[in-house]
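Novice: Assemble chain L onto chain C, guided by the hints.
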Amino acid sequence: MSSSDIAVQARGVSKSYRIQHETKATTLGESISNKLKNPLARQTSETFWALKEVDFDIRKGEVVGIIGRNGAGKSTLLKVLSRITAPTTGEIVIRGRVGSLLEVGTGFHPELTGRENIFLNGAILGMTQREVQRQFDQIVEFSGVEQFLDTPVKRFSSGMYVRLAFAVAAHLEPEVMIVDEVLAVGDSEFQKKCLGKMQDVAKSGRTILFVSHNMQTISQLCTHCFLLQSGSMTFSGPTDEAIARYIETQKQSVVDVDPDLRPGSGEYRITEVNVERTVVQSGDPIRARYTVEHRRGHTPFLHTNFHLCDEVNTIVLHGDSRIKQFGVKPRDKQEIELEFSGVNLKPGTYRLDLMVHYNGYVDVLEGAANIDVSPVLPERLATSDFGYQFGQVIAEMNWREIDPPGSA
Amino acid sequence: MDSKQETITVIRPITRWEVLNIRQIFAFKDLLKAFGLRDIKLRYRQTALGVAWVLLQPIIAAGVMSFVFNRVAGLKAPGNLPYFLFCFAGMLGWNVFNSTLTKAAGSLILNTALVSKVYFPKALVPLSSMFASLVDLAVATGFFLLLLPFYGVGLTWQILLTPVWVFFLLLASLGIGLYSSALMVSYRDVQYILPVVTNLLYFATPIAFSLEAVPSSLRWFVSINPLTGLLEGMRWSLLGTGTLEVGSTIYSMIAAVLVFVAGSLLFGRSERRFADVI
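Respectively, the protein sequence lines represent chains C and L.
With the working numbering, letter number 190 in the first sequence gets 636, and the count goes up by one each step, no holes.
With the working numbering, letter number 111 in the second sequence gets 339, and the count goes up by one each step, no holes.
It should be emphasised that the hints constitute simulated quantities derived from the structure, not laboratory data.
Take the hints with a grain of salt, since some may be wrong.
[As the list claims (entries may be wrong)] Simulated pairs of lysine-lysine, BS3-like, Cα-Cα distance not exceeding 30 Å:
1) K600(C) with K269(L)
2) K257(L) with K506(C)
3) K257(L) with K600(C)
4) K600(C) with K261(L)
Just chain C, same shape as in the assembly:
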């Protein structure tokens, strides 16, 4: 394969972040006073490698999926490839115009009209005015917001907003396209439309790098996949195989912690956990399967419970099988399915802890899985802090004024 067939070539790409402890200065004054207090002390900092020595070649026209667990380095890789952040070591050569889409609607301004935002957003994504002009009608048609083109987007519903934002981005025409998980927006009908658009783009012979947690989307779109694990690329190959390995890594997370070192009396241990979807939208049911295996001794019966904890370790949800009079039969190996639904979690990452107990804990598996709750409509709500600032859960909310009795 000649070098001109290669669209993206990466050699030894690493990216490190310095995590400073405590004494991080965010103002000049702090920085100076820290220096004065401890002139010799070097700031305690830790180097975190978000990407480690990543090498790959992507041929022109290939549609490559990048998969891996949260924090595996997928987004960092995309940011480095799109030149938003610089690599710490290594070199990347990209042949062809690069367009990247890491978030839908970045740079949309609420006060500007739909029409004005199309031009502004197009320019931000790297299109020339002429290119936007040429595609304007298609963008508007795709978004389906024709009637509101001259309305400021702050008056748009969140659905319309996301549709318009995606429509602009979908009409980028770079030779190399870098796309983060942006298809998880809008209603399911619009998601289908977006996926269709992506498939068209893929067929048109452009090179695409695509990150998603949704394995179904990955397998529909991608011919080739990279699997990232804690910053390193552990697999590069056909999509089916990559997905199979990815699912394997999800299960392995349990085995990472030696079951016999975990808390609990240890007669039985949870040995395998498989969460159906680790990225869900608020309100979606969550399903996990896990296996309880016999180790030693005997208990007459077992119960099981779970905790769902947020990033600061608050237990957001607790569930015990006793309330459903469900007991686990003490067998050599018993697979259990847990499903819970009807809870509207605030967007964020949650840790699922699974427990087995009988007169006290038999096994405590902290961090059986991480579940990402993605906002249903990320852009609009995620950018305004007040939306999610407080509280543990979200709900459908309405306010209205009650007229005082006797008023007209």
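Specialist: What follows is chain L alone, placed relative to chain C:
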């Protein structure tokens, strides 16, 4: 962009010799326009008086300054010009400098999402802040020209040179603006320091007073300030009075260019770190 030749992008780690990528700035020139248009459109949306603010702001400032310096301190404008007109002409030049600088300095931290989620030459954000200032200047200058016959002051050919002064004033303000905006990414203190500095600069520059009104023993101090030459020049163009000091004019122009070059270089040096720090 239209050429058939393939664009090749090479991404390497940050070195000590990062420079502003001027070719990329040209490739994204439409974005510069788009940012400028956005600022102009947004400026007076949802304000009751709208465009009137463009005029009110320099009128009030010039009015207050002519009261203080003319009535209270008893200064006279050179060539027996009405003091208000004299101050107003000074404000036109100062406002271009000051408003561009203030907006440019805060522009990156006002656009955090753009800096951390999209690739484009980041210098476009502070650079684009000049457009709104230029529109303000155009409107205020129009008003100024209407005032001239009212005060019985005539136009001279020198007014044609006004763009020259504006150009150098912009270079100076964008130079400081680029550097301040980059510094603000790491240190938000800059947003508190900057108004203090511009306030001092305001009184160290002959805006509401003429250079001749400064005691000759202190005149060297005011003349070190490169803005002095540019503002004196601006007033020479607009009012057609006084003489242009060639030496101080050339000094001011060279200084403005150097400030711009230095600001751009310093910006370019830190640009690739922005997304990690902001």
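Novice: Can you confirm whether the C-alpha distance between K600(C) and K269(L) stays at or below 30 Å?
Specialist: Judged against 30 Å, a Cα distance of about 15 Å means the pair holds.
Novice: Taking only the CA atoms, is the gap from K257(L) to K506(C) under or equal to 30 Å?
Specialist: It holds: about 28 Å lies between the C-alpha atoms, which stays within 30 Å.
Novice: CA of K257(L) to CA of K600(C), is that 30 Å or under?
Specialist: This hinted pair holds, its Cα atoms lying about 27 Å apart.
Novice: Quickly compare the C-alpha distance for K600(C) and K261(L) to 30 Å and report which way the hint goes.
Specialist: 23 Å, holds
Figure legend: structure checked against the earlier numbered hints; every hint is met.
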